[in-house]
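Could you build all of it, start to finish, from the sequences and the hints given here?
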Amino acid sequence: MRRELLVPKLGLTMTEGTLIEWMISPGDRFDADQGLYVIESDKAANEVSAEGSGVLLEVTAELGMPLSVGSVIGYWDDDPQAATNHAVRAEPSAHAAAASASSPDSNAANAAPSAQTSRPPAAMNGQSGQSGQSGARGISTPLARRLARERGIDLTNLAGSGPRGRIRARDVELAPANSPASAPDVPLPATASRAAQVAQAATVRAATSIEKTIARRLVTSKQTIPHFYLSVEAEISAVQRLRSQLNDAQSNRRFTVNHFVVAAVGRALALVPEANRVWDDSGITSFAATDVGVAVHTERGLLVPVLRDVGRQALGEVARHASEAIGRAQAGQLNAAEMAGGAITVSNAGMHDVTLMTSIINPGQSMILGVGSVRQVFRPDAHGQPALKNEVGLVLSVDHRVLDGVTALKFLRQVVAAIERPASLLVT
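Numbering-wise, the working numbering puts 516 at position 165 of the sequence shown, and it's gapless, one number per residue.
Hints in this document: simulated from the structure, not taken from any laboratory. Treat the hints with care, since some could be wrong.
As the list claims (entries may be wrong) - The calculated label-pair distances, taken between Cβ atoms and stated as ranges, are:
#, residue 1, residue 2, range
1, Val705, Gly503, 28 to 38 angstroms
2, Gln596, Val728, 20 to 30 angstroms
3, Ser582, Ser637, 24 to 34 angstroms
4, His703, Phe638, 52 to 62 angstroms
Said to hold, decoys possible - Cut-off 25 angstroms, straight-line C-alpha distance, at most; resulting in silico cross-link-like pairs (DSS-like, lysine-lysine):
#, residue 1, residue 2
5, Lys740, Lys761
6, Lys563, Lys573
7, Lys740, Lys563
In this text, a Cβ means the ideal position worked out from N, Cα and C, and glycines have one as well.
Here it is in structure tokens:
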């Protein structure tokens, strides 16, 4: 039976996605759970697998075009013999090009096999007909293939570092680009202006779809979310001492300062549940789970995996889940569901020697905590004498539509309390 292939909803806030790759071609048979195509949301590239075995009949959507959730991008049939009973159609852009190339006088050319049926599968996937890239599809991640296309790298020449030799984005990042030989340098005329020389030295590239989406979401956040900000300093010496003790006692796990901060944020959500809510068009949504997002810098941009129910976990569990999520983000393995939900994100810039960081709220959430680097400062002790302290600057950006200053301050005080008394984070 002829059936539709649709753009799936890959997250709670997803409204559209971009079709960036077909993993099979019209006429190809496939099995249940086999990858068919790749949809890029605002947060991740996701392989969409077949719900059952069948054959791809037709591709109706062009690569690179934004599509609403539920849009039809092609048709398939659960009858493996359907390809012999239906006319198999390729993607619309190629079909139109082939049609425009023909004319009433080209009967001899029309008698030859059409470009649609003779084209290799790689061309169907936006890979410029590189058969090597097509052959590497089954042993590489979608992000790796995307980066390889953008950088002109032949995946067949790469050794993958993933399971069973699977090529990851990091492998492509480390590979030299197969750039064409450059033209010989031609000296500029003596009369060329400095401005012309600078212009010739500049390079411009098209923004990727995910870069465009991130930019759009950040603009939307600043234009539609009324931010206000609270800043404090937290004494972090107790965290540093406990972290050293834990790392000395355990050889299989390394704790970071950020693990303590994330755990403290989760614990504060559990203690101040009125802060654990977000604004949406239908009203104010309050969450029962104490989910916390963690901002991670990757080669694709900033990604935010969301750790589940952090406030009800001990520090060891939080550290393990955070390390796993960060690793998956950096390897380009996150799916949209792993980056959905939660009321708050932690963005830590402490490793960059930043005193304070004022961050932009992630759309769909209501808070983001910017974490600075550790500073040594003198503060008066109980007797009024100067004492050297290790402090970290925290800036909480808050959506004023759902949280007022009193609630936000109450929440932030609980974060600081957990950081300054970190032993409480060792147990649930």
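Taking the hints in turn, this is what the structure says about them:
no.: 1; hint: Val705 - Gly503: 28 to 38 angstroms; result: holds, 36 angstroms
no.: 2; hint: Gln596 - Val728: 20 to 30 angstroms; result: holds, 24 angstroms
no.: 3; hint: Ser582 - Ser637: 24 to 34 angstroms; result: holds, 26 angstroms
no.: 4; hint: His703 - Phe638: 52 to 62 angstroms; result: violated, 31 angstroms
no.: 5; hint: Lys740 - Lys761; result: holds, 24 angstroms
no.: 6; hint: Lys563 - Lys573; result: holds, 16 angstroms
no.: 7; hint: Lys740 - Lys563; result: violated, 43 angstroms
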